[in-house]
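2 protein chains.
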Amino acid sequence: MTKVPATRFEIEAQNGEARAGVLTTRRGRIETPVFMPVGTAGTVKGIRFEELESLDLDARIILGNTYHLWLRPGIEVIKAAGGLHRFIGWDRALLTDSGGFQVWSLGALRKISEEGTEFRSHLDGSLQFLSPEVSMEVQAALGSDIVMVFDECAPGEASHEETERSMNLTARWAQRSKTAFDLLQGNGADTGRLEAHGLSSRQALFGIVQGASHLDLRRISLEQTVNIGFDGYAIGGLSVGEKKPVMFEVIEEIAPQMPKDAPRYLMGVGTPEDLVEAVARGVDMFDCVLPTRNGRTGQAFTARGKLNVKNARWANDSRPLDESCRCSVCRRHSRAYLRHLYIAGEMLASILLTHHNLAFFLDTMRGVRQSIRSGDFPKFRREFTEGLIANGE
Amino acid sequence: MTKVPATRFEIEAQNGEARAGVLTTRRGRIETPVFMPVGTAGTVKGIRFEELESLDLDARIILGNTYHLWLRPGIEVIKAAGGLHRFIGWDRALLTDSGGFQVWSLGALRKISEEGTEFRSHLDGSLQFLSPEVSMEVQAALGSDIVMVFDECAPGEASHEETERSMNLTARWAQRSKTAFDLLQGNGADTGRLEAHGLSSRQALFGIVQGASHLDLRRISLEQTVNIGFDGYAIGGLSVGEKKPVMFEVIEEIAPQMPKDAPRYLMGVGTPEDLVEAVARGVDMFDCVLPTRNGRTGQAFTARGKLNVKNARWANDSRPLDESCRCSVCRRHSRAYLRHLYIAGEMLASILLTHHNLAFFLDTMRGVRQSIRSGDFPKFRREFTEGLIANGE
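Taken in sequence, the protein lines are chains A and B.
Take the first sequence: its letters are residues 1 to 393, numbered as in the numbering used here.
Take the second sequence: its letters are residues 1 to 393, numbered as in the numbering used here.
Worth flagging that the hints you see were computed from the coordinates, not collected in a lab.
Backbone N, C-alpha and C fix where the C-beta goes; we use that ideal spot for every residue, glycine too.
Among the clues, some could well be false.
Stated by the list, open to error - Selected chain A positions facing chain B (in silico; Cβ < 10 Å):
(1) 198
(2) 318
(3) 345
To be verified - Derived EDC-like pairs: lysine to aspartate or glutamate, alpha-carbon spacing no greater than 20 Å straight-line:
(4) B:310 <-> A:273
(5) B:45 <-> B:91
(6) A:45 <-> B:346
What the hints assert, rightly or not - Stretches of chain B that chain A covers, calculated by requiring three or more beta carbons in the stretch to come under 8 Å of a beta carbon on chain A:
(7) 34-47
(8) 81-92
(9) 142-151
(10) 227-241
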């Protein structure tokens, strides 16, 4: 146990369960609730780092995928560059997942044992092995500011028995992750080590609560995870096929019971309305591929709901994607132009939609934070939800 | 004939045949020699307009393709938006080609008559017809600042007889272009009309010299074109399959004979060394898809020659693409990272390579202009050429 923490988290305002605070990492200050754009392979797809840093977006932390980076370009390349930050050219905070979820997503291509997970690479079919120890080693080499434990996920519809087995394995893997992590930090394996005022300069490690849709198991998993002790706590295994009400039932039951003085991170969720609803239940951190992935397939998120740029009704529409948005795309370009770019297969369509969607997600979180601080979160939440039903019009 | 010109062109320095000057259009001041990035379908592929405007690139004029825009999104859409500038969100100067070259490139899909060219759309196979009158009408609706006459191109290896026939057709089409253009300008068909100090507020019209590799025909074509009288003069029909020495022979013969008080535009050429060599022969304006197209296929242009980012030898190379380049890509990213992005099929590879390549072309032209003004162009030309042979290393 370190006396000096790797991250510091302070709640500064609360509206019901919704919390506004600040998570301080060795690479800067992150206001919460926060949305983290996903940078799977060392790039948030379709957007330059300069744009992520611009006031338009001002993303304070992005996510990298251990699984993808480990397979390509490989850890030796990133180590040689001096860690992931230096390899990709990003000085702000980075969170890396453990690879557990990606390997789990491979389905029939993986074999899980007590020791870890054997799987075939989606790139070349080669046999690979990931375990808590390997994942911690890879994440230390990546030098991310927040490391996630190596966990196992259960399908949304998993039975109680199956889920219990998986959850207990996750708990044992969490302990092994913690042990390996501490050893690596002690040995200086962390390529991201950085002096930071009042912090230990170490990476932070977050635990993950599993348990699928079974509330009793979720509670046990939370207890197991808190007993080990982490710098932050995540809810994993949601948005993996279960119904929306089930997801919110789990969040509503678990988030408020999570340690109040640590950040709460809901992994892989979700739509803008999901984010606002999860904040209302006490969640502080989010990541999701929706703004980037859907941007590439022509879908814009707006304050008036989703908008499909392909739609013929925008052919002569001179309005911006979102009339209430002040991002550089909405200040400059019309729906008609974006539709043309998309139909013509132009890369700029993906670039601009990705930018706007990220701006919308990050702006939404800014609005959430401000409203919690001013005590107006219930009003923000109501108006936000009402606005979305306009369906882009 | 207007008394007040649509553009103003002034030569301010000369080194041998190389000229440095200023072309003033209704949308601003363009220092020459100038390179124009190609924005075929209303977007310079892979780059945002904000980047084109940034000091890194500072492109003062870009090119749009009449053929592509006419077929998609179609002229009615662009007219409804108030012209191409407003449709795409670009306030600086735009030059549009006439569609002649694109239609000519369709090969067997086109049928040329005295009246114009019948062809099948590359998008849906529909039968279409382009003529001088149609091209002028479309370009007036686009509202580009510089309009090109509708011409016919002859293949690089065309016989004297074939080329002569083609050249004479081009001359008749040039006169018809001029007549139709003047009528349209008088009728206010130009959607880009804009008050500009000392200029007529009209579009400018450039003529095109054809004649393939036959110097006698090139001279006749130049005379025919100058006799009609245009705001600027282009050399067309080069870089279409002929050998490099043949291309330079034509440029060397024709460029110095072109009117000294009008801009000379070499269409569709070329590599950085081609640009510098053509400047040395008296050319002022260029456009080419090389920096953008090759950027998308992993090729970087540098002061030390071309560099293929896919190459395994860059896997751990922390150097920027071009150590003498100060663009935002070279300031931030390594060859190792760019290689990783390219191999992983990430869009950011194209975005960053496109940016750097455009920066390199535009920087080269800045260097050309400065050296002509300081009287050091021969030295610049020699050192530039010597640097390129290092082949990326």
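Tested hints:
1. At a threshold of 10 Å, the smallest CB-CB gap from residue 198 of chain A to chain B is about 29 Å, leaving the interface hint violated.
2. At about 6 Å, the closest approach between the beta carbon of residue 318 of chain A and any beta carbon in chain B falls short of 10 Å, and the interface hint on this residue holds.
3. Given the 10 Å rule on beta carbons, the hint for residue 345 of chain A holds: about 9 Å separates it from the nearest Cβ of chain B.
4. For the proposed pair residue 310 of chain B and residue 273 of chain A, the alpha carbon gap of about 41 Å is over 20 Å, so the pair is violated.
5. With a C-alpha separation of about 18 Å, the suggested pair residue 45 of chain B and residue 91 of chain B falls inside the 20 Å cut-off, and the hint holds.
6. Between the alpha carbons of residue 45 of chain A and residue 346 of chain B the distance comes to roughly 7 Å, so the proposed pair stays at or under 20 Å and holds.
7. Note: the stretch 34-47 of chain B has 6 residues with beta-carbon separation from chain A under 8 Å; the three-residue rule is met and the coverage holds.
8. Check on the stretch 81-92 of chain B: 4 of its residues sit with their Cβ under 8 Å from a Cβ of chain A, so the three-residue criterion for coverage holds.
9. Counting residues of the stretch 142-151 of chain B whose C-beta lies closer than 8 Å to any C-beta of chain A gives 0; at least three are required, and the coverage claim is violated.
10. Note: the stretch 227-241 of chain B has 0 residues with beta-carbon separation from chain A under 8 Å; the three-residue rule is not met and the coverage is violated.
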